[in-house]
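Sequences are here, hints too, so could you generate the full structure?
In case you want the letters, here they are:
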Amino acid sequence: GDSVTQMEGPVTLSEEAFLTINCTYTATGYPSLFWYVQYPGEGLQLLLKATKADDKGSNKGFEATYRKETTSFHLEKGSVQVSDSAVYFCALSTNTGNQFYFGTGTSLTVIP
Amino acid sequence: GAVVSQHPSWVICKSGTSVKIECRSLDFQATTMFWYRQFPKQSLMLMATSNEGSKATYEQGVEKDKFLINHASLTLSTLTVTSAHPEDSSFYICSARLGGHTGELFFGEGSRLTVL
Numbered sequence: 001g002d003s004v005t006q007m008e009g010p011v012t013l014s015e016e017a018f019l020t021i022n023c024t025y026t027a028t029g030y031p032s033l034f035w036y037v038q039y040p041g042e043g044l045q046l047l048l049k050a051t052k053a054d055d056k057g058s059n060k061g062f063e064a065t066y067r068k069e070t071t072s073f074h075l076e077k078g079s080v081q082v083s084d085s086a087v088y089f090c091a092l093s094t095n096t097g098n099q100f101y102f103g104t105g106t107s108l109t110v111i112p
Numbered sequence: 113g114a115v116v117s118q119h120p121s122w123v124i125c126k127s128g129t130s131v132k133i134e135c136r137s138l139d140f141q142a143t144t145m146f147w148y149r150q151f152p153k154q155s156l157m158l159m160a161t162s163n164e165g166s167k168a169t170y171e172q173g174v175e176k177d178k179f180l181i182n183h184a185s186l187t188l189s190t191l192t193v194t195s196a197h198p199e200d201s202s203f204y205i206c207s208a209r210l211g212g213h214t215g216e217l218f219f220g221e222g223s224r225l226t227v228l
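Residue numbers (our numbering), protein chains in the order written: chain P, 1 to 112; chain X, 113 to 228.
Worth double-checking, as some hints may not be accurate.
In silico contact screen, one side only, chain X against chain P (beta carbon under 7 Å); selected entries [as the list claims (entries may be wrong)]:
no.: 1; residue: F151
no.: 2; residue: S155
no.: 3; residue: L156
no.: 4; residue: I205
no.: 5; residue: E216
no.: 6; residue: L217
no.: 7; residue: G220
no.: 8; residue: E221
no.: 9; residue: G222
Keep in mind the hints are simulated off the structure, nothing from the lab. In this text the structure is predicted, and so the values were computed from the model without any measurement. For glycine and all other residues, C-beta sits at the position ideal for the given N, C-alpha and C.
Below you can see the structure in the form of C-alpha cells.
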C-alpha cells in the first residue's frame, strides 16, 4: 500500500547549520508530495509541496525535490534558525483517492 | 489562503461526560473533512473521514459510537467524544482539502482534550 517513511528524530542542530530530513515514499500512480510543519502547541501547516516528478517545492528557505527515480522528497535548508524548531511531517496524496499518508514526523531543535 | 478553524482549543472535562469539538472551513466549502488524533511526540492517526450529508467513514480500530462525527453543512463538521475517559485525552486535529488530489490539506489549530 501507499506509505511514507521518514527519518527518525529527534534532530538537534546549531544555528546556521545545514538541515536534511529524509523522506521516501511508496505509492501507486503519481502522488503529490508535501512537507508540513507543526510548531509547539499548534496544528499543522503546509511548508511546501510538489505535484509531479522533478518539481521543487520551496518556502522560507526550505526546499524539497520530487525524485521519482529514488522515490524521495528530502527536506533541506542551508542555514537553520532557532525559529525553525518544530516537528516536520512528510506526506503524500495519491491521485486515486482522497487520502493523505503521513510520515511519523521528525522533531527538530535548533540551539543558538 | 483557505482557513480551517477549530474550537475549542483546550477543553478539560470529567470522566463520563461528553465533549464536542467543532471544525469549520472559513472561506471555502468542504464536502470532506478529516479528523486526526495525535499522541504526544507521535504522528497523526487518521480517525475518520467526515462526509457532508452522509455517514462518516471510520478507520479500523476507531469506535464510531465513541467518536461521533456529524457533517451537517459544507462548512462545519463536529466530533463528539462520548462518555470520555482519561485514555481519550489527546490532541485532536481536523482538516479539509482544497483543490483535488494535488491540493493541500488545511488543518485546524487542534483541540487538546484532557479528561480527569
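Comparing the hints with the structure gives:
1. Here the hint on F151 (chain X) is broken, as its CB sits about 11 Å from the closest CB of chain P, past 7 Å.
2. Checking S155 (chain X) against chain P by beta carbon gives a least distance of about 4 Å; that is within 7 Å, so the hint holds.
3. Interface hint at L156 (chain X): satisfied, since its Cβ lies 5 Å from the closest Cβ of chain P, which is below the 7 Å cut-off.
4. For I205 (chain X), the interface hint holds, since its Cβ comes within 7 Å of a Cβ in chain P; the closest pair sits about 5 Å apart.
5. Residue-level restraint check for E216 (chain X) holds (minimum Cβ-Cβ distance to chain P is 5 Å; threshold 7 Å).
6. Interface hint at L217 (chain X): satisfied, since its Cβ lies 6 Å from the closest Cβ of chain P, which is below the 7 Å cut-off.
7. Checking G220 (chain X) against chain P: minimum C-beta separation of about 5 Å stays under 7 Å; hint holds.
8. The beta carbon of E221 (chain X) comes within 5 Å of a beta carbon in chain P, closer than 7 Å, and the hint placing it at the interface holds.
9. Interface restraint check for G222 (chain X): the shortest CB-CB distance to chain P comes to about 4 Å, inside 7 Å, so the restraint holds.
Hint compliance for this structure: hint 1 alone is broken.
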